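Whenever a hint applies, use it, and build me the whole structure from the sequences.
Here is how the chains run, residue by residue.
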Amino acid sequence: MKPSLTVRRDLSNNLRAAYARMWVRLRGSNRDPIALGAEIGLPILTIGAYVILYHAIGLPATAGAAVIVGGAMIAFWTNVLWNMSSQWFWEREQGNLEMYMVAPVSRMAILLGMAMGGSLNTGIRALGIILLGIFVFQVPFQLREPFLVGIVFVLTLVALYTLGMLFASLFMLYGREAWNTANLLQEPVYFLSGAYFPGFYGSLVPQAIQFAGSLIPMTIGLDAIRRLAIGGGDIYSVWLHIIALIASILILFPIARRTLNYMESLGKKEGRLTLRWQ
Amino acid sequence: MAIADFVKSTRESFRVGWKIESNWTDPVLFATYQIVRPLASLLIVAFIVIIGATVGVAGSAFYNTYLAWLIIGTAFYSYVLQAMLGMSFLIFVDRNRYEVLKNIYISPGTLHPYIIGRGLVSVLNGTISVVLTLLFSEAIFNGLLHMNIPLNLLGVNLLMLIPAIVLGIIALLAIGYLLCALSIVANRMEFILGDSVAGIFFLLGGVIFPVSLLPAPVQLISNALPVTYFLNSVRESFGLLPASNYMSDLGLLAVTTLAALALGIFVFRGAEQRARRLGLFDRKSEY
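So the protein sequences, as listed, match chains A and B.
The opening residue of the first sequence carries number 1 in my numbering; numbering runs sequentially from there.
The opening residue of the second sequence carries number 1 in my numbering; numbering runs sequentially from there.
Hints listed in this document are in silico derivations from the structure and should not be mistaken for laboratory results.
All of these numbers come straight from a predicted model, not from anything done at the bench.
Keep in mind that the hints are not guaranteed to be accurate.
Chain B is nowhere near these chain A residues, computed Cβ spacing over 10 Å in every case [claimed, not checked]: (1) D10; (2) I57; (3) G58; (4) L127; (5) F137; (6) Q142; (7) R176; (8) N180; (9) L184; (10) L215; (11) I242; (12) I246; (13) L266.
Covered, in the sense of this in silico footprint (three residues per stretch, anywhere, with C-beta under 8 Å from a C-beta of chain B), are these stretches of chain A [claimed, not checked]: (14) 30 to 41; (15) 45 to 51; (16) 197 to 208.
Virtual Cβ for every residue (Gly too), placed ideally from N, Cα, C.
Shown next as structure tokens:
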């Protein structure tokens, strides 16, 4: 058989596996209207509390807009944590991981499917959060460059879900640690990304915190989206953010791939891939 | 004898719960885990107030007092968060993951003390978070940054604080008990129930802003929640609200706690009967 045919067949198999995993995720997450409504409505409770707090301490209404965008991005981070990073843990608990291991496709294809399904699902929820937030709290937006916002948003998601692939690989052999580590990465990341307060890259936030926050692609993307959608900025205000996001993707993707291979190999050697109830 | 058995079962459940929640890692990492989350929550609200103080029009005294008010709300909200999330997830984990709910249920008289014992583990986790948050706040804002926020941990009136905490914990356990009942009869709600109730309390319970800032009809709901009176009483014991309102707040906390208990028991009985009729105690659902 010609090598090119093998490559084409492998690519086709992997893309089909990614599509299948995406379909399962889309179908599984959207079949229950109560869950869908709750996933849109729940963040509004927290966002609403912060918007009222801003009002109470005399911050301008744009701060409310910033927290609504932050709340929508948090939906993606939550999805990355619980539906990407700890996904192998859930799959192992349900007995699916061994099926993924024996399937003749790359594990990266399965992660890609999870990421595509997760980002689409969360995109629907994030849009709902933003629309509901604008409707309920009447906060101002200044969207002059919608196309640019779209580009930054997509780059942020790709970087974020690539980070999710890396975490998924690292969490592969975790037992209860997966659950607790995902929990641990919630509030600290909400703080480090500046999701609930505006002006993360301003003079009030210490540089060490800004640096630590910049290691999370969401921080960079969120700041860029806020500059464009709330501050009425243009390409000159976010070009550095775009470069940083592209760099994140280029760095994180190969690391995720190598980590996945390493952890899978380690799991096979130690016989931990099918271990449940740890 | 029945009470002794109940206490013994609760104690054993607490021991099991504590082991499940703490022995997944080494003690140092576990301690870090316990510290990092409340610290991050505290820093979020602190940054908001510091930003407010920079661009807002009110004087620094207002922001310092507000920060102290906010620290108490955020710190004691840990009890709410731990109890709601921990107890709403308990039934799901024991039924679906460990598949032991049916065994617990058929052991005579163990389900109720089991739930309470596991709820008390959430209370212990909440207490650790509260203490750490308060200590960090004092160390960072008054020690390191010399902000002179009116938060005097040694000056707290324990005679006012302890009854408020005891009643608040009973109320939260009662609501957690109600969430367990709903989890028994619900399907695939484990990720929604606890978050929903905790989110409602965060918005309506006066955690980060006074209830008076809410629209009047919404305030009616806030005034029916035990969390509102719990946080008011705690703030009064720290001298951040007028102490003259303490007895009325404590009385209302007691009334709403009793109502939560009655509702919890009523819903649990209904859920238990339905679960027995439909065979839900050993139902295993997947996504």
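Right, here's what the structure says about each hint:
Annotated as non-interface, A/D10 keeps its C-beta farther than 10 Å from every C-beta of chain B; the closest such distance is 29 Å. With a least CB separation of 3 Å from chain B, A/I57 falls inside the 10 Å interface cut-off, contrary to its annotation. Not every CB of chain B lies more than 10 Å from the CB of A/G58, the least distance being 4 Å, so the non-interface label is violated. Against the 10 Å criterion, A/L127 stays outside the reach of chain B, whose nearest CB is about 19 Å from its own CB.
Every beta carbon of chain B lies more than 10 Å from that of A/F137, the smallest distance being close to 12 Å; the non-interface claim holds. In this structure A/Q142 is separated from chain B by more than 10 Å, as the shortest Cβ-Cβ distance comes to about 18 Å. Its closest Cβ contact with chain B, about 4 Å, brings A/R176 to no more than 10 Å, contrary to its assignment away from the interface. Non-interface status of A/N180 relative to chain B is broken: a Cβ of that chain comes within 10 Å, the nearest being about 6 Å off.
The claim that A/L184 is not at the interface with chain B is violated, since a C-beta of that chain comes within 10 Å of its own (minimum 5 Å). Non-interface call for A/L215 relative to chain B: holds, since the shortest CB-CB distance, roughly 15 Å, exceeds 10 Å. Listed as outside the interface, A/I242 is consistent with that label: its C-beta sits roughly 26 Å from the nearest C-beta of chain B, beyond the 10 Å cut-off. Once the 10 Å rule is applied to beta carbons, A/I246 is consistent with being away from chain B; the minimum gap is 28 Å.
Every C-beta of chain B lies more than 10 Å from that of A/L266, the closest at about 18 Å, which supports listing it as non-interface. Here's how the stretch 30 to 41 of chain A fares: 5 of its residues keep a CB closer than 8 Å to some CB of chain B, so the rule of at least three is met and the hint holds. For a cut-off of 8 Å, the count of residues in the stretch 45 to 51 of chain A with a CB near a CB of chain B stands at 5, and the three-residue condition holds. Given as covered by chain B, the stretch 197 to 208 of chain A passes the check, having 5 residues with a CB less than 8 Å from a CB of that chain where 3 are the minimum.
Checked against the numbered hints listed earlier, the structure breaks hints 2, 3, 7, 8, 9; every other hint is satisfied.
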